[in-house]
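Undergrad: Below, each chain spelled out in residue letters.
There are 2 protein chains.
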Amino acid sequence: MIFEITSEFLEDLKSLINLGNDTQIKKIFKEVHYADIAEVLDELSFDDAIYIIKLLDSEKTSEILTELDEDIREKILENLSAKEIAEEIKEMDTDDAADIIGELSEERQERVINALEDVEYAADIKELLSYEDDSAGSLMAKELVKVYETWTVAGCLRRIRGQAKEVTRVHSIYVVDKEEKLIGRLSLKDLITAKNEQKIAEIYIPKVTFVHVNEHDEEVAKIMAKYDLEAIPVVDDNHILLGRITIDDIVDLIRDEADKDYQMAAGFSQDVEVNDTIWELTKARLPWLILALFGGFISVSVLGSFNGAMDRFPELFFFTPLIAAMAGNVGVQSSAIIVQGLANDSLKGSLFKRLLKEIAQGLLNGVVLAALLMSAGMLFLGFPFKLGITVAISLISVIIIASIIGTFIPIILDKRGIDPALATGPFITTSNDILGIIIYFSIAKLVLGF
Amino acid sequence: MIFEITSEFLEDLKSLINLGNDTQIKKIFKEVHYADIAEVLDELSFDDAIYIIKLLDSEKTSEILTELDEDIREKILENLSAKEIAEEIKEMDTDDAADIIGELSEERQERVINALEDVEYAADIKELLSYEDDSAGSLMAKELVKVYETWTVAGCLRRIRGQAKEVTRVHSIYVVDKEEKLIGRLSLKDLITAKNEQKIAEIYIPKVTFVHVNEHDEEVAKIMAKYDLEAIPVVDDNHILLGRITIDDIVDLIRDEADKDYQMAAGFSQDVEVNDTIWELTKARLPWLILALFGGFISVSVLGSFNGAMDRFPELFFFTPLIAAMAGNVGVQSSAIIVQGLANDSLKGSLFKRLLKEIAQGLLNGVVLAALLMSAGMLFLGFPFKLGITVAISLISVIIIASIIGTFIPIILDKRGIDPALATGPFITTSNDILGIIIYFSIAKLVLGF
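Protein sequences, first through last, are from chains F and P.
Mapping of the first sequence onto this note's numbering: residues 1 to 450, in sequence order.
Mapping of the second sequence onto this note's numbering: residues 1 to 450, in sequence order.
Possibly wrong hints are sitting among the right ones.
Since the list can't tell identical chains apart, any single copy or any two copies may satisfy a pair.
Unchecked claim - In the DSSO-like style, the derived pairs of lysine-lysine whose C-alpha atoms are separated by at most 30 angstroms in a straight line are: (1) Lys-353 to Lys-26; (2) Lys-14 to Lys-348; (3) Lys-181 to Lys-54; (4) Lys-195 to Lys-146; (5) Lys-207 to Lys-30; (6) Lys-199 to Lys-189; (7) Lys-445 to Lys-353; (8) Lys-226 to Lys-60; (9) Lys-415 to Lys-260; (10) Lys-226 to Lys-357; (11) Lys-14 to Lys-386; (12) Lys-181 to Lys-27; (13) Lys-260 to Lys-226; (14) Lys-386 to Lys-27; (15) Lys-126 to Lys-415; (16) Lys-222 to Lys-189.
Hints were generated in silico from the structure; no laboratory data involved.
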């Protein structure tokens, strides 16, 4: 049932393209879902992909275009004229059309929009392009089913038949007053279970969850997930109904955001994919690695400044990677949980309480780990007690301080309007590495007196 | 419009509870969405939460129960009798009911199910409880709208009015043959735009995407996201329609999975939340920290074994944290991108190609970083050339090897059926730390000859 791309299938397809056997290719793709065709095209050479796009009906290719990888789509669009793009676009829902046109240069955007024959549709797309990138407006589509409170059920059904043709899926029917202001909603189910002669005003549900067109897209995702909504209406300052956002776009958004946070925590400076080129991957990896190198360089200098202790306590230097690694790990744990708490608004209570909690946790973890370390070090490596106690105290202090830093850096970033996820990964690890080493040697100096 | 919990609101509510002003409390909650009430209860003391649950209608409280934090719900259910739980449960959709009953002890499950008056409903829940935890069956609900191909549109509409009352939202109408086998689907839109006397057999869409009841839940999520589905029917081995899965459960699943992967990468051994107790958080953090400590201990021994070089090349030891940190960071980057590639099935091409790609990337990153390090070290810290070259060669080798390890450990885990996300975070960092130090000192020994 589920379509699978096999290497056999790809081989067959390639030879059909070489033979120019168009009828057979069309036949193969006739029953295949556009999302699957998009995956096939991602696998083909660029020329072959273009060949197939030009071969298939524009109704199908417009759907395929929306599903393609952005870089392949970009290349395909470069090879189409403004008029050809307009032909593809006109079959799409306004939100998909606006997304794709938005990827073009401003000058080409202009030309494609001018090439659209349907003036109203062109105006809708222009409107959608005018909203901020991360706003509800950028996610919404203009297609929706709208009824006036003064209509009857029968009249409503008749008119909906007309409107519904343009709308892929009818989630909710929005009820507006004569000024186009959103006043409620109606489900198709309500409508078909109502009597024909009833007025919409009698049967609609006046409670409807909506979002403002300038609302942040992640906030929209939270609201839709919380209230289990499949579509949400979007209004402007005057409460006039502008469009609706559907859950499929929210699913994509949630997945993209999760991927982005994960990559940020892993130390990528930009969005990458496993199949990107070596050059793209390196560009995304190097910035954080250079930062980490710079941090490492500081730790080299710090260690160098404690050079004098090397003669008497060489073992001290053996423990530096251990202390640094523990500081890094603890810091990442603390920051990750705060980043998640911030992301789902579950971070509650005062900062002072949060501080006490982190200190308590750090102390608890630190004491367990220090006890393990001390007993292992003294039993197996035969370290003197004084060295053991130095390392143990350092470990506890480093863990507590790394927890506090890991906790408060994301909170501070968030307060300043910076994505707190930036604080996880290399940033926290590197700063905690350095700080860990400084604390460790300072305590050692105090205890051992060198 | 969106309900906000303020500390004022909570204070007012608490005093109303203390005064026993039930009418006022009921009035406050009358217009509030159950998801919001659940959030309010999460903020209250346990006794206060129970008080409110007992006060509100069972129709509302059953919805609230499904939205509550698991640990609070657990406590509340402990305070209710099997009969009382059955009262709450019977208002829920079967999937929610099964999820909640599934949290009880086996013996209590039995008693709650026996206390349900509706025999068919009880049987549905028993069936749902019988499916594996991560399967499509565990996600599905028995509620759906089903029509036979032999019905007419008019008859269909009449019967749907009956069925639809039980179904919160009608996504799709599933069409079955007389053996209850799934043969197609119909949207409400299709139905209301069809003529009354038409037969379902003439108008239904025979292409319907479905999943098998034993399909893995993450696979279901991928399919629904890929094909932009809001509901998907679930069938058994004989293609008999068993239930349907709706997108709201998939949204929750995607969010949970993303949270889990993120936490695993950050080094938590179990699912935690920012507001968990210190004890729960410590329990989740300690296992990986102990592993990291153990790894650190190995690096101490490795460094100890190169003790002899300390007199002549003390600077070598200053660089260990830097080398270890770079190995850790590179390893995390490589593994994160593979884990993501595996998660969204985008990892393609042979393992050998992947290996070459990682070596190329490692070389590119390594050379840039080594050049930076060498020039900085020699310029600012006045290191001798031979030491500089040692550190540079080590850094390049360590980066390449860390990339390879970071790439292949998740791939190997995945092949063995273990969650590859386990490989990110502390595991990769720790093993790369150790390996980095070994490689570094081995190269140093070779170049400097100690």
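Undergrad: Confirm or reject each hint.
TA: These are the hints, each one checked on the structure:
1. Lys-353 to Lys-26: neither (65 angstroms within a copy, 33 angstroms between copies)
2. Lys-14 to Lys-348: between (58 angstroms within a copy, 18 angstroms between copies)
3. Lys-181 to Lys-54: neither (43 angstroms within a copy, 39 angstroms between copies)
4. Lys-195 to Lys-146: both (19 angstroms within a copy, 23 angstroms between copies)
5. Lys-207 to Lys-30: between (44 angstroms within a copy, 12 angstroms between copies)
6. Lys-199 to Lys-189: both (16 angstroms within a copy, 20 angstroms between copies)
7. Lys-445 to Lys-353: Neither, since 33 angstroms and 51 angstroms both go past 30 angstroms.
8. Lys-226 to Lys-60: This pair counts as between: shortest inter-copy Cα distance 16 angstroms, intra-copy 34 angstroms.
9. Lys-415 to Lys-260: both (20 angstroms within a copy, 25 angstroms between copies)
10. Lys-226 to Lys-357: within (28 angstroms within a copy, 42 angstroms between copies)
11. Lys-14 to Lys-386: The answer is neither: 73 angstroms in one copy and 55 angstroms across copies each exceed 30 angstroms.
12. Lys-181 to Lys-27: Between copies, since 28 angstroms is at most 30 angstroms while 48 angstroms is not.
13. Lys-260 to Lys-226: both (22 angstroms within a copy, 19 angstroms between copies)
14. Lys-386 to Lys-27: neither (80 angstroms within a copy, 67 angstroms between copies)
15. Lys-126 to Lys-415: For Lys-126 and Lys-415, the Cα distance exceeds 30 angstroms both inside one copy (34 angstroms) and across copies (48 angstroms).
16. Lys-222 to Lys-189: Both ways: Lys-222 and Lys-189 sit 26 angstroms apart in one copy and 28 angstroms across, limit 30 angstroms.
Hint check: violations occur at hints 1, 3, 7, 11, 14 and 15; the rest are consistent with the structure.
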